[in-house]
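Number of protein chains: 2
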Amino acid sequence: MEIGFSKQLDDAIVEISKLPGIGKRTALRLALHILKMERGDVQMLSDAIIALKDKVCYCRECHNLSDTELCEICANPKRNKQIVCVVRDIRDVVAIENTNQYNGVYHVLGGVIAPMEGIGPQHLNLDSLFQRVEAGGVGEVILALPATVDGDTTNFYIYRNIQGKVPAITTIARGIGIGDELEYTDEVTLGRSLLSRTEFEKSYIRRS
Amino acid sequence: MEIGFSKQLDDAIVEISKLPGIGKRTALRLALHILKMERGDVQMLSDAIIALKDKVCYCRECHNLSDTELCEICANPKRNKQIVCVVRDIRDVVAIENTNQYNGVYHVLGGVIAPMEGIGPQHLNLDSLFQRVEAGGVGEVILALPATVDGDTTNFYIYRNIQGKVPAITTIARGIGIGDELEYTDEVTLGRSLLSRTEFEKSYIRRS
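Heads up: the sequence lines are chains D and U, in that order.
Just so we're aligned, residue 1 is where the first sequence starts under our numbering, counting upward by one.
Just so we're aligned, residue 1 is where the second sequence starts under our numbering, counting upward by one.
Mixed in with the good hints there might be a few duds.
Pairs count within a copy or across copies, as identical chains cannot be separated in the list.
Below 30 Å or equal to it, Euclidean Cα-Cα: the simulated DSS-like pairs (lysine-lysine) are [what the hints assert, rightly or not]: (1) Lys18 / Lys81; (2) Lys165 / Lys7; (3) Lys36 / Lys81; (4) Lys7 / Lys78; (5) Lys7 / Lys81; (6) Lys81 / Lys165; (7) Lys18 / Lys36; (8) Lys165 / Lys78; (9) Lys24 / Lys36; (10) Lys24 / Lys78; (11) Lys55 / Lys36; (12) Lys55 / Lys81; (13) Lys78 / Lys55; (14) Lys7 / Lys18; (15) Lys36 / Lys7.
It is worth saying that the hints were derived from the structure and are not from the lab.
Here the structure is a predicted model, which means the values were calculated and not measured.
With the sequences and hints as input, model every part of the structure.
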């Protein structure tokens, strides 16, 4: 969709529509909104985008996003460094942090092994995970990857590489979501939740 | 949703989520995508946004977006300056241009009268429309505003102000969309299309 009235507008639409999930039509709508915004607000948006790319770095320990060399979680002396939770990306770190149920540290892979998309182990932060484990001091690795085929593949790959080198390797529980109806749960989840049934009394223990 | 790991990321999310239709979660997704983009591409996005605000101006004649004082349509000697099509915004200009059925010029209001949203006639490019009409030389004003209550209000407001000052005031036809089934058309549209029925032979004339 070339608008053709204004090169600046066309340029902006091309650039904005390169973002994921934003088509030409949405890009035009956003561009028209930007035109109506205050000059100062547009400057702040433009600056924030470039600062994001220029100033954000990754934690040297866990690869989480950070403004400093060591992220806030890894730098926090109250966090338990013996428990490492392996996640796909920062959004999962955010999700787990929001539960207020986890006091360990993380290891952010930056994705999962996805052969169909050409993503192999060498594209992920896996070597540094294995080095963390081999350096010692890790008592438990929690695998908290997506419950997909790619997630399972990655889980298995990690398991094979750290098996026997760390006292405990666990995965987060798969099962019926809290508040979900059984009749609307897919068969695989329901089947797995039956196979992974836990003792009734244990399931009500609140971990802190 | 404060992420908390990185001030730069939080800042970017705040700025991006100010755009219409983009919530905090989408803003985070876009920010993470920007982090993975090439430095040069991020610079281009950032530059395009600021250039959009700084360099695009509005045509002094029709208020269409333009890089020059007079937009390409108004500056085109082949366009019929006697026919002025009144539209809400540039997206409607694009839509009409894409039909290849219109050879007149436009007048972009920049919105419609919407009392509920606090948009009155004084916020729109209405005075300049009335001046164009009063300056003479306009043979027909086509009202092509949205078929909504606000659009109708605006149509009526314009009609009252230019009535008798221009030979013809028309509106685009409302009716059943080409390819639409009657049974799925809402009652108002169907009723209006009956009231505004046209002679069969005329309805097949192709205007050029």
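Problem - Up to 30 Å CA-CA - Lys18 versus Lys7, copy category - result: The answer is both: 17 Å in one copy and 25 Å across copies each meet 30 Å.
Problem - Copy assignment of Lys7 with Lys78, given that the CA separation must stay at most 30 Å - result: between (54 Å within a copy, 21 Å between copies)
Practice task
Have a look at Lys81 and Lys165 and pick one of within, between, both or neither, based on CA distance no larger than 30 Å.
Solution key: within (16 Å within a copy, 80 Å between copies)
Handout entry: Homo-oligomer pair classification [Lys36, Lys18; C-alpha up to 30 Å]
Key = both (22 Å within a copy, 13 Å between copies)
Exercise for the section: Could you figure out if Lys7 and Lys81 sit no more than 30 Å apart (CA to CA) within one copy, between two copies, both or neither? Expected result: Answer is between; shortest inter-copy Cα gap is 24 Å, intra-copy 53 Å.
Exercise for the section: Could you figure out if Lys165 and Lys78 sit no more than 30 Å apart (CA to CA) within one copy, between two copies, both or neither? Expected result: within (25 Å within a copy, 78 Å between copies)
Exercise for the section: Using 30 Å as the alpha carbon limit, work out where Lys18 and Lys81 are close: within a copy, between copies, both or neither. Expected result: neither (39 Å within a copy, 37 Å between copies)
Exercise for the section: Have a look at Lys55 and Lys81 and pick one of within, between, both or neither, based on CA distance no larger than 30 Å. Expected result: within (26 Å within a copy, 52 Å between copies)
Exercise for the section: Classify it for me, Lys24 with Lys36: is the Cα-Cα distance of at most 30 Å met within a copy, between copies, both or neither? Expected result: both (19 Å within a copy, 21 Å between copies)
Exercise for the section: Up to 30 Å between alpha-carbons, please classify Lys24 paired with Lys78: within, between, both or neither. Expected result: This pair counts as between: shortest inter-copy Cα distance 29 Å, intra-copy 47 Å.
Practice task
If the cutoff is 30 Å on CA atoms, where do Lys36 and Lys7 land: within, between, both or neither? Let me know, please.
Solution key: both (18 Å within a copy, 27 Å between copies)
Exercise for the section: State whether the alpha carbon distance between Lys165 and Lys7 is at most 30 Å within one copy, between copies, both, or neither. Expected result: neither (59 Å within a copy, 36 Å between copies)
Hints 1 and 2 from the list above are not met by this structure, while the remaining hints are.
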